[in-house]
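We have chain P; now place chain F onto it with these hints.
Chains as they are written, first to last, in numbering that gives the first Met the number 0: chain P, 0 to 286; chain F, 0 to 420.
None of these hints come from the bench; they were simulated from the model. Source: prediction; values computed, not measured. Please note that the accuracy of each hint is not assured.
[Unchecked claim] Here are some of the chain F residues that sit facing chain P, going by a computed Cβ distance under 7 Å:
1. A99
2. Q100
3. E108
4. A109
5. R112
6. S116
7. L119
8. E120
9. G124
10. E128
11. I141
12. Y173
The beta-carbon is built from N, C-alpha and C at its ideal position, and this holds for glycine as well.
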Amino acid sequence: MSTLDSLQRREVTHAPPVVRIRRRTAWRLIDVGELYRFRDLFRFLVIREIKVRYAQTAIGVGWAILQPLFSMLVFTVVFGRLARVDSDGVPYAIFSFVAVVPWMYFANALQDGVNSLIANANMIRKVYFPRMMMPLSAVVARLVDFAVAFSLLAVLLAYYGVVPNAGALMIPVLVVMMVTTAAGTALWLTAFAVQYRDVKHAMTFVIQILMYAAPVVYPASLVPEAYQTLYAINPMVGVIEGMRAGLLGTRDMPWQMLAIGATTSLMLATSGILYFRAKERRFADVA
Amino acid sequence: MNRSYPSHNAISVEALSKAYRLGRRDQMPDTLVAALRSAAMRPLRNLRRLRHLDTSQVTNRGEETLWALRDVSFDVRPGEVLGIVGRNGAGKSTLLKLLAQITEPTSGEAEIRGRVSSLLEVGTGFHPELTGRDNIYMNGTILGMTKREIDRKFDEIVEFSGVEKFLDTPIKRYSSGMQVRLAFSVAANLDPEILIIDEVLAVGDAEFQRRCLGKMNDVATSGRTILFVSHSMSAIRQLCSTGLLLDQGRVAARGRVDEVIEKYMSDLFAMTTRVGDERLQLTLTATIDDASGGGVWNLGSVLSIRVLVETEAPIVGPAVDLQLHSEHGRIAAAQSDRFVHSSAMQESDRWEFEFRITNTGIASGYVTIDAGFRFNCSTRYLGHWRSLAAVPIGPIPATFASGKRCPIALPCHVEIGELAA
Numbered sequence: 000m001s002t003l004d005s006l007q008r009r010e011v012t013h014a015p016p017v018v019r020i021r022r023r024t025a026w027r028l029i030d031v032g033e034l035y036r037f038r039d040l041f042r043f044l045v046i047r048e049i050k051v052r053y054a055q056t057a058i059g060v061g062w063a064i065l066q067p068l069f070s071m072l073v074f075t076v077v078f079g080r081l082a083r084v085d086s087d088g089v090p091y092a093i094f095s096f097v098a099v100v101p102w103m104y105f106a107n108a109l110q111d112g113v114n115s116l117i118a119n120a121n122m123i124r125k126v127y128f129p130r131m132m133m134p135l136s137a138v139v140a141r142l143v144d145f146a147v148a149f150s151l152l153a154v155l156l157a158y159y160g161v162v163p164n165a166g167a168l169m170i171p172v173l174v175v176m177m178v179t180t181a182a183g184t185a186l187w188l189t190a191f192a193v194q195y196r197d198v199k200h201a202m203t204f205v206i207q208i209l210m211y212a213a214p215v216v217y218p219a220s221l222v223p224e225a226y227q228t229l230y231a232i233n234p235m236v237g238v239i240e241g242m243r244a245g246l247l248g249t250r251d252m253p254w255q256m257l258a259i260g261a262t263t264s265l266m267l268a269t270s271g272i273l274y275f276r277a278k279e280r281r282f283a284d285v286a
Numbered sequence: 000m001n002r003s004y005p006s007h008n009a010i011s012v013e014a015l016s017k018a019y020r021l022g023r024r025d026q027m028p029d030t031l032v033a034a035l036r037s038a039a040m041r042p043l044r045n046l047r048r049l050r051h052l053d054t055s056q057v058t059n060r061g062e063e064t065l066w067a068l069r070d071v072s073f074d075v076r077p078g079e080v081l082g083i084v085g086r087n088g089a090g091k092s093t094l095l096k097l098l099a100q101i102t103e104p105t106s107g108e109a110e111i112r113g114r115v116s117s118l119l120e121v122g123t124g125f126h127p128e129l130t131g132r133d134n135i136y137m138n139g140t141i142l143g144m145t146k147r148e149i150d151r152k153f154d155e156i157v158e159f160s161g162v163e164k165f166l167d168t169p170i171k172r173y174s175s176g177m178q179v180r181l182a183f184s185v186a187a188n189l190d191p192e193i194l195i196i197d198e199v200l201a202v203g204d205a206e207f208q209r210r211c212l213g214k215m216n217d218v219a220t221s222g223r224t225i226l227f228v229s230h231s232m233s234a235i236r237q238l239c240s241t242g243l244l245l246d247q248g249r250v251a252a253r254g255r256v257d258e259v260i261e262k263y264m265s266d267l268f269a270m271t272t273r274v275g276d277e278r279l280q281l282t283l284t285a286t287i288d289d290a291s292g293g294g295v296w297n298l299g300s301v302l303s304i305r306v307l308v309e310t311e312a313p314i315v316g317p318a319v320d321l322q323l324h325s326e327h328g329r330i331a332a333a334q335s336d337r338f339v340h341s342s343a344m345q346e347s348d349r350w351e352f353e354f355r356i357t358n359t360g361i362a363s364g365y366v367t368i369d370a371g372f373r374f375n376c377s378t379r380y381l382g383h384w385r386s387l388a389a390v391p392i393g394p395i396p397a398t399f400a401s402g403k404r405c406p407i408a409l410p411c412h413v414e415i416g417e418l419a420a
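Bound-form chain P, shown alone (with noise of 0.2 Å):
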């Protein structure tokens, strides 16, 4: 009786949608009502993301902190004591654990958005949702990962008596670029690793090697006056000396950085979700 009656008030409230199928064009812009139906998938999709990567380890959220803290460590015995690394004039540790804390995020969204297609190839074969979903609720969920990372952050900075200036306000500002950079790469290796196997072989290496193409070891001011505006074409140069700029107080806000990277990263999610729409129509027959 109940299905009755809810048939019923579906049907006085509003016509019943209407799907067409048939061949679509190639270029396509996201559908955003399509989206907002799907909400709730979403949302499900990120919290089985994060519960699910919190129950197969041993120390569950742990991981979120271990992870950024011993790259630091590292970072900090190598590059601070060894190769002796100019830090901008605040403890070595501190300086790089600012960079870490975005760049591992950027480095594990990366990383789950892509192989998110894959791994969850037998849903896109029995059931339709925006595909796009699968990615983009990957790289929604490390922000736990980034949150937990941050609060550590300032956790540290408070150790070392580091107090934020002015420019902590842009944070927000700076994890959205962050965000949006990650969301439009991962949109545009994960369209390409459905199609071919080796992309995400080629990952972890790939991240590596662009990890310093970022001032994450060292200070952007140690790249040459010359190229720092071809330096600035990677987001997260503006992202992380941001972070800097505003928590350390190591340098002025990079404002010319953070256009420039602003800009790439726009073009990024945009160029992504161009080339995902297209090649999503053949993801259930390849995959």
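Only chain F this time, still in chain P's reference frame:
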């Protein structure tokens, strides 16, 4: 396709077609390195290949194209329960996948009016690490429910599945039967206007299957539009009012369900079937030795089932399993050559298996024959095909004991004695 009247159909399908490119594996690079190499070395050929993958401009190179579905048109009225039948490879699954928006058609179009849920598998999105509760929400939203709807139906879902006590246990600790029950309970409580269902009843134990059929029957009679694919004619007959028969990607019959089933069965009784792809082909031929039986497998006569297997590359130690199902979808007999035939150690790309089965009392109007192919040393099927052929069965004498829907009848002598009061 503009019609003169606004479409009142729940589903209208117009000249829907889907083509798959048949390429040899080595022509389709699936690693980046291979793709780059072939792009670098043979730019022209690669360009052709890229265009090749795109099935929109299918030209007359017909030999390379497999039309899984060709020019399929039909309408479904609201509230109609349509059973889709056809042999293996007839295009049933492709049709469902197109309607469920999982793949895109090569040409043609379809229009679905109403909230639609498709159920090509139970338990899609289930994760072993998550609790039963989490998985209900996950699976429910994947099937198109909103969180609020699931909240409302949660108790009903849990009750139907019978796993109340384990709701907060990760489902990896569930038995496989419990997992299936939970998955089906979510699916059974879907509340769309249009429901597209692939063969999902072939799971779970007999008791649960019976409850599922009952639940499906409720759904079918509640005014919902349903598209239902099954190899079980008894399930189709029980649930559906109309039928659609697909044959080699085209509509071969459309109309009342018993007419469609009859057409399908007469097709199936043509006792030779060839299935498979370029790597593995299987030909099954069933003959009844007793010539006087008129093509009916009578009590005491022998049915020979010859299975010819051809593989692309020579192999060692193949095995064929057969399963015979009664008209009610119950398994009546199963045989594997596994224990019979183990000395074939030489390599070959052509194998013939012959099974000779004596009818010692099968109580069913007919049996359908499934065949599975695997290696002798493994239980995983490399190919498994349902309902490759059907064989009509002769009557069994009244002296045989048989129960309702029970496919096996055994000779039984009953004596009644009047005891003195």
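Check each numbered hint from earlier against the structure, then list the numbers of those it violates in ascending order.
Hint check: 6, 12 fail, others pass.
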